[in-house]
Amino acid sequence: MIDRLLSELTRGRGRPTFGAMCVFAMLAGVTASAAAQRPPAANEEAPGPAAPSATPAPALPAPALPAPAPPAPAPPKPATDEDDDDRPSPSPRAPDSDATPVAPAPAVSANAFVSTPALAPRPAPEPDRNQVDDGQLGTHQEHWRLGVGLRETFVTGKGYDPFSTDNVLPQVSLDFGRAFYASGPLSVAALVVWDYGSTKATARQADASLVVHRITAGAEGRYHLVRRLYVFGRIAPGALHSAATLHDQVLDIDRESQAWVFTSDFSLGAAFEFAGDARGASTRPRGWVGADGGYSWSASSKVDFKDTGSNNQRPARLEPLRFDDLALRGAFFRLTATLTY
Amino acid sequence: MMKKHWLCACLVLGCGGRASHWDAPFTPTDPVGLDNAVAVLDPTLDRALLLTSPGPLGLEEHSLPIGQNLVSASASPDGKRLYVLSRGISPRRNPSDERPRLTVIESDPTPRVARTYEFNDPLSGLVLDPENEWAVLYVTSSDSRPVSNPNEILLVNLADLERDPIAMTVQSISGSPQNFSFTSKLSVPNGDPRRLLAIETQNEVTLVDLSDSIGDEERATRQVTIPMPENQQGATGAPAEVAFHDADGTLDSELAVRLDNDTNVLLLPLAAPPAGSDRPFYIEPNLVDVGGEPSTIHFVNTDAGTRLVALVGTNAALVDPATSNVLNVALSKPFTGITLVTSDLGSDTSTDIALLWSNTTPTVGLWDLGAATTTATHGLDTLAVGASIRQVLDVPGDTFTTSKILQGVSGDFYVLDLAARRSSPMLTNGHTFQLTFAPDGRSQRLWAFTPGTEAFASIDLADLNPNELNTERPIWSVFDIAQSNGGVGRTAIVLHQGDSDFGATLFDALAPDTANTRFYSGLAYGGLNHD
Amino acid sequence: MDGSSEAPTSGLTDGSGGSFQGSGATGNGSPAAGGSSGSGGTTNLSPSGSGGTSEPPPPPPPEKELETAYETPVATDRYVWTANPTTGKVALISADDFSVRLAEAGNAPTTVAALPGHDEDAAIVLNAGSDDATVLRLGADGVIKSQMLQTHAGANAVDVSPSGKWAVIWSNADLEDASKLDPTDGLQDVTVAKLDDDPVTTTILTVGYRPSAVSFDDQEAHAFFVTAPGMTVIDLGDAPHPDRDVLLTDDPVSDQAARDVSVTPDGAYAVVRLDGQKTLGFVDLGTGTRDTVTLPDYVTDLDLSADGKQAFAVTGGALVVVPVPPGDADPSTFARASADGEVGRSVTLSPDTSLALLYSNATADQYLGILTGGGAWSTYEARAVDLKAPVQAAFAAPDGRHGITFQTPATGSTKEGAFSIVSAQLDRAPKIIGTDAPPTALAFASDGAQAVITTRDLGKARYGMYLVELGSLEQTFIQLSSPPLSAGIVGNYGFVAQAHPEGRITFVSLTDASQRTLTGFELAAKVTQ
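Chains X, G and B are the protein sequences, given in the same order. Heads up, the first sequence is in our numbering, so the first residue is 1 and it goes up one at a time. Heads up, the second sequence is in our numbering, so the first residue is 1 and it goes up one at a time. Heads up, the third sequence is in our numbering, so the first residue is 1 and it goes up one at a time.
Chain X on its own, in the form it takes in the complex (with noise of 0.2 Å):
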């Protein structure tokens, strides 16, 4: 189904819609602010003094949401400490050295769902430890990640012609990985990438598509410029597999050919946080989108089609029809939204 899901936002032909791109956006966005609602860990550092809250970062492209409802007058509660993870922070945090100056915070959050009047007064809570910047790169560098993008190849060798009207070969990225090394601003990280698309033409009026699957694992050297925003380098080498298929019109029947080859990405890139506490030490997920581009090589592979196998209306003894060779390379661009954790 997510194969399904992915072959639709990319179409196969294509650019991602613009409606691809808009769900797209939407999840990571909603991905990163569910992230950075979650309470910090109990084993974590004790917030430091409070600080004003801040402006929360402006989410990506969301769709509107309806206002919320008038809150439902609700019983109090004594304030216990055991609660104290439950609620949102309500006491402003000191801000991060290159935030803005805060405002006085909105009345009613835009991502609350529920606000409760406060009925009786309440002893203030502790501030949360997350809250208070440590000015520490922390898990802004190293971290887990998931990302998803989207990815436009260039491949301008002649093989691919059959199968596209233009150049382009889009694909939907999904990578992991961590950032397990750090010195400072520098910071390497592995990562697996899975990239998948297709793409279909028609090759003299026979239907010829390809379906392309890249599975690298790279490097990726990054330096913080500063601690939301880092450039990177990345060398990712994998294997590339290609299934070219073309309905043979003398025959009538689809024909396919396969291949495994080498690839690597080369590219250089940036990636800017936009969701996450500025603590360092914050173990919350953040959210990033970056954007990445150089050059993807692919090994060349002889692209034979063959028959489908079991078709039983091949002629005996059918030659293979060989196309241009393959070669699935040229230069790239990636843009990649990213959870961290």
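The reader is advised that the hints may include incorrect statements.
Claimed, not checked - Chain G is faced by these chain B residues, among others (derived, beta-carbon under 8 Å):
| hint | residue |
| --- | --- |
| 1 | Ser481 |
| 2 | Pro501 |
| 3 | Ser514 |
| 4 | Arg516 |
| 5 | Thr517 |
| 6 | Leu523 |
| 7 | Ala524 |
| 8 | Val527 |
| 9 | Gln529 |
FYI, nobody ran anything at the bench for these hints, they're computed from the structure. The beta-carbon is built from N, C-alpha and C at its ideal position, and this holds for glycine as well.
Use these hints to put chains G and B onto chain X, whose structure you have.
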């Protein structure tokens, strides 16, 4: 600014399209068989795909450019060349727009474009000389232009591809070229032997001297135009057929013209020109009434000398060109076709032997013209064949010179052994089969097929045993070609047609076996998909 | 059968030589001698007999002069000349090698006449569409020279003097469509061309109403036009002009249609026969004096000897030889010849008058009288032969040794026509040949050894020609593809001109009967080369 540069780069990279040929459909035209290749024209891509067989059941595809807007393609009589006529871009608006052209493709040893001729005007008619020396391009009704010269022709010397075509206007009072006939070398009273081109218009015959001894300008100005006579009804005659014979010591070289709807035959002896003239010959026309509208004419050598035979109903009129006397020979059957088989039978006499056939009577005749005027039977032997004959095919090569293939009007065909005076019927299942041979006859086989079906037959001419063969897709056409590696092997290529593609099943032409084949598909991608 | 005639006192011949049989005479009747006079004199050759005074029998139906219908096309020594009105060309076909030359004439050349007596082949052709004529001369170098002559309007006939010095171009009413002729169309214009002049000169003159024949005297000093009123004599000299008109009969108005006029070669006399009359008129063309000889019976035919000194009249079924002029000769003394079994009404003579063929085509008469004599015909031999089919015309060979008749189908015959070959030799039987088409034209070889006969049936599209060997009475049939128009002899070939849009002539060798047909000989002129 940087962002804009990146965006532009991305757009450029992404918007780059693919080669236009991937979007061009394959539009099939009749394939053309050569001696060692099969030519399939791909007009949407302005190219010819030549299929060769380098080895047993092997197939190679060669893509060669031809001109834009294909008009026609023809193989040379010896199967060595392919001539492709194209119209080019019409009207031309830019200097780079392609002109009409004739592309000459040779297939031996490897397919290549040997010469390309470009012209100023699009001509749709192409006629090839049976002796491979000349080609004629002429205007047809499909060459519609605001102003056109219907008598414009181009003579192309195929013996010397480096020579430029000869443009000329057929000398005609009225009408335009309809048919062309090349003579063999004919002796003339005043000059070297030479070939003539007889051009039939609606009401005239024009002779063009093809001799190398005259210049092209002289060739154009020295045409001889003979208007056709009026028939008995007062209507101006139209030429229907041209025959010729060389001088034989007693007679000058001569041409004969059969006329439509006329009982007369026009004799055109190449007589001596008037004293003081430097012309090679002088035409002295003479009409001879042969007693009825002839179905065909032919010069033959009889026991009484050279005669023009005209088949008229159940008679053959033997016309003495010298006296115009006509001897009517009763043939007993209304034969409509004649072909000389003297050399096929290896006869060393000075008189001819002719094969007669009819498209209305299931009989063929073997006519010994050495007894045409002396014996009671006039030297004619008849043989029942079971069907009226619409066409007689020669068997190429030197092995079966005494064999003829008779195509019946009903679809059956017969193998006629002239020496044994025996015909062997090849009964078919009611379809009208097309027959094909190897151009050089080396496979000693006859191939019979019906387009659109999957069954066809190979007949070994040695034992007349038909070998039923099948393909796995409907047949488009069948060709028997020599393998291009220079070996003695031969390959039978059976073409199949798809929506926008074509394929081929290959057989060993010398021992065809359905269990020993190879199927090639996607041949329309040849030259596009693999370097 | 041998016969002789003496100057009978009773006018009868003896039986051994044949009998005089006439519708107006009894078996023993004899012509009475009669005198003759000039214009007022009459020589009567009236029968007298033991018969009583019965009413004179009515005149026999008129004979048809068909021999002149079988005109030969124009041939000079080596060439056949044929005109094509459509193309305006005249074709010269060589009898030596059958090569064809074409000459340009005027508009619609129609009538061609050979010009004898010149060193070169020459002919004159009338152009009906342009009222002029073209003189064509073929030089030794093969070049054809032509000269156009202006003629009077409507010319359709041309006669050439024996030496070729003069050509008289005139308008023959018999060749016109009678329904289109107005009574005031006298056709009186004639053009005289002096062919010896270089260039040829022409003079347009006027003759009498509706000329019907023209002849020349031996000296070619005069041309004689037979016209309706009588005769116009043209003086041929440096300035040709009409000399005088001569009345030929006493009643020129009513006698016109029934008149048969022959002019002696010296131009001195005209001998006149009238249908339904028993008289012969002799007109001195110099003085205009008319003399009449009365014969015993109706004179049904008249012919002159080549020298013009004898007139051969058929009267009463017999041939009577009348001297020209008769002078005061007693008609009863005129030589008379006949053949038993044949009542002849027409006669055909050989050029030397040694052979006379007697026949009748006014009735279906299948008999032919063959008479051989000569000189004064004081003695002769005669026989009548049964040719099995009615005789329409008879032709005597130039050598007087044979004759050919044209015949209509016999009763009960499946043939469409017939012809017969007869020998003057008395002990040779005639040969009768049935034909699939009626015979239409004939030409003798100059030595009389062969003849060419054409047959034509347009309805059934049957056309042919016969080459006849007169000596052996053999014939060879050659089928033709087109309707024959005329036949002739040129050189050693007989030829038949045929109707074909492109022109067609068949040559047949008189020696071996081999043939050569040329068709479309005008095509050569259309060939652009």
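List of violated hint numbers, smallest to largest:
Violated hints: none; all satisfied.
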